[in-house]
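Chains as they are written, first to last, in our numbering: chain A, 1 to 158; chain B, 159 to 444.
If you're looking for bench data, these hints aren't it; they were derived computationally from the structure. Don't take each hint at face value.
Said to hold, decoys possible - For lysine to aspartate or glutamate, the following DMTMM-like pairs were computed, each having C-alpha atoms within a straight-line distance of at most 25 Å:
1) K199(B) <-> E15(A)
2) K199(B) <-> D42(A)
3) K199(B) <-> E33(A)
4) K199(B) <-> E131(A)
5) K245(B) <-> D81(A)
6) K186(B) <-> E131(A)
7) K199(B) <-> E19(A)
8) K186(B) <-> D69(A)
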Amino acid sequence: MTVPVRITVNGRPVERDVEPRLLLVHFIRVFAEQTGTKIGCDTSQCGACTVLIDGVSAKSCTTLAVQADGSSVTTIEGLSDGEQLHPLQESFWNKHGLQCGFCTPGMILASHELLRTNASPSEAEIRHGLEGNMCRCTGYQNIVRAVRDAAETMATAK
Amino acid sequence: MFAANFEYHRAGSVAEARQLLAAHPGAKLLAGGHSLIPLLKLRLAAPEAVIDIGRIGELRGISNGGGALRIGALTTHAEIASSDAVKSGAAALAEAAGLIGDPAVRNRGTIGGNVAHADPASDLPTVLIALDATFTVNSPDGERSVSAADFFQGMMATALGEHDILTAVNVPAGGGGSAYVKFSHPASRYAVVGAAASLTVAGGTCTSASVAVGGATAVPARCASVEAALAGQALSADVIAAAAAAAGGDLGDDLLGDVFASGDYRRAVTPVYVQRALAAAAERAG
Numbered sequence: 001m002t003v004p005v006r007i008t009v010n011g012r013p014v015e016r017d018v019e020p021r022l023l024l025v026h027f028i029r030v031f032a033e034q035t036g037t038k039i040g041c042d043t044s045q046c047g048a049c050t051v052l053i054d055g056v057s058a059k060s061c062t063t064l065a066v067q068a069d070g071s072s073v074t075t076i077e078g079l080s081d082g083e084q085l086h087p088l089q090e091s092f093w094n095k096h097g098l099q100c101g102f103c104t105p106g107m108i109l110a111s112h113e114l115l116r117t118n119a120s121p122s123e124a125e126i127r128h129g130l131e132g133n134m135c136r137c138t139g140y141q142n143i144v145r146a147v148r149d150a151a152e153t154m155a156t157a158k
Numbered sequence: 159m160f161a162a163n164f165e166y167h168r169a170g171s172v173a174e175a176r177q178l179l180a181a182h183p184g185a186k187l188l189a190g191g192h193s194l195i196p197l198l199k200l201r202l203a204a205p206e207a208v209i210d211i212g213r214i215g216e217l218r219g220i221s222n223g224g225g226a227l228r229i230g231a232l233t234t235h236a237e238i239a240s241s242d243a244v245k246s247g248a249a250a251l252a253e254a255a256g257l258i259g260d261p262a263v264r265n266r267g268t269i270g271g272n273v274a275h276a277d278p279a280s281d282l283p284t285v286l287i288a289l290d291a292t293f294t295v296n297s298p299d300g301e302r303s304v305s306a307a308d309f310f311q312g313m314m315a316t317a318l319g320e321h322d323i324l325t326a327v328n329v330p331a332g333g334g335g336s337a338y339v340k341f342s343h344p345a346s347r348y349a350v351v352g353a354a355a356s357l358t359v360a361g362g363t364c365t366s367a368s369v370a371v372g373g374a375t376a377v378p379a380r381c382a383s384v385e386a387a388l389a390g391q392a393l394s395a396d397v398i399a400a401a402a403a404a405a406g407g408d409l410g411d412d413l414l415g416d417v418f419a420s421g422d423y424r425r426a427v428t429p430v431y432v433q434r435a436l437a438a439a440a441e442r443a444g
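Chain A with its partners taken away, still in its complex shape (with noise of 0.2 Å):
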């Protein structure tokens, strides 16, 4: 059995009959070639798949394509203006929120939640919203530290 999927990956329609179980993360890499979305524990427990449904922070690979029909995903990739990056992305940069960079899509999406629930983060606030995501490079500092510069900046902005 297969089942017409239709899904907006970070602004361009996809369509795709797709079997039911296949998930959501999948759908991403595969069918809208976005590749930015990883596949980490499989479990929904490190945060590698994350990506925005409709704007609110979803694990890719606990949701299957056939839930997220009709909807718009924004990934890593839809974060960035063009050539223009999202603070965050900016942030994560400029701090060195990132060693070997595997866990940098989920975690730069993840923290867009956050300020999007909680636009003046504290540290604790940052570290508590983030306990989804794992990193096992950096010891969190850096992105911790970008997390708060991106926030400073988005505040700024406005």
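Fit chain B to the supplied structure of chain A, relying on the hints for placement.
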């Protein structure tokens, strides 16, 4: 990981879900998917059909009436954790919902999917038992109400029959104070041990106490000896500590243990979390 193949059907209403369930014996209902999809991927569940009820609007939302909160089965953990009505009427439930998984999990996981799954390490069953919640179930014979004490029947086992649809969770609101405190597994955030307490206080003394512990047993355990030790007492720190000390004895003989925490460890740590939950609930009860 890929699930085994299954047929997919999307229901637009409870009535349609009812028809689909009748037409597809053994089908599983899909709400947010955060309990079911992991099981499908591990192939611990391999139903022939999955019926997606996730878009049924009538099953979503929180209303307050008649001294109780009615929480639609598709209400997400994030919605419950941020609801003013839940925070003021059933603080332990808002607290527990806000401690599930992480923000992305809470955006999609639902109260109905969570309790229908009945994972012993889950947070909400413990709170709903302590708060004496009732569950509204739509079945072929009509609608029925099931108490929390009867709903959770064993590990991953509930009172829901093959043709039943859980439509709402009803939680008594107001009165005293309640709280939920847990020892989280550091990766999954599931409860190694979680304690829920609900207290009412009048004239400086405790008029009723309800305490439940999850994570340690197949079904969350009511702590009758803790409750009895609190009734009629002024809730000083000493009284709470003395009552909580008995909590390990309320868990019975059949404790869960795994590579992360043995049954003995869970029993030993239980009084600590019961004490913290009672202290927070007592402060809220005023």
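Here is how each hint holds up against the structure:
| no. | hint | verdict |
| --- | --- | --- |
| 1 | K199(B) <-> E15(A) | holds, 24 Å |
| 2 | K199(B) <-> D42(A) | holds, 9 Å |
| 3 | K199(B) <-> E33(A) | holds, 23 Å |
| 4 | K199(B) <-> E131(A) | holds, 23 Å |
| 5 | K245(B) <-> D81(A) | violated, 39 Å |
| 6 | K186(B) <-> E131(A) | violated, 30 Å |
| 7 | K199(B) <-> E19(A) | holds, 14 Å |
| 8 | K186(B) <-> D69(A) | holds, 19 Å |
Consistency note: the structure conflicts with the earlier hints numbered 5, 6.
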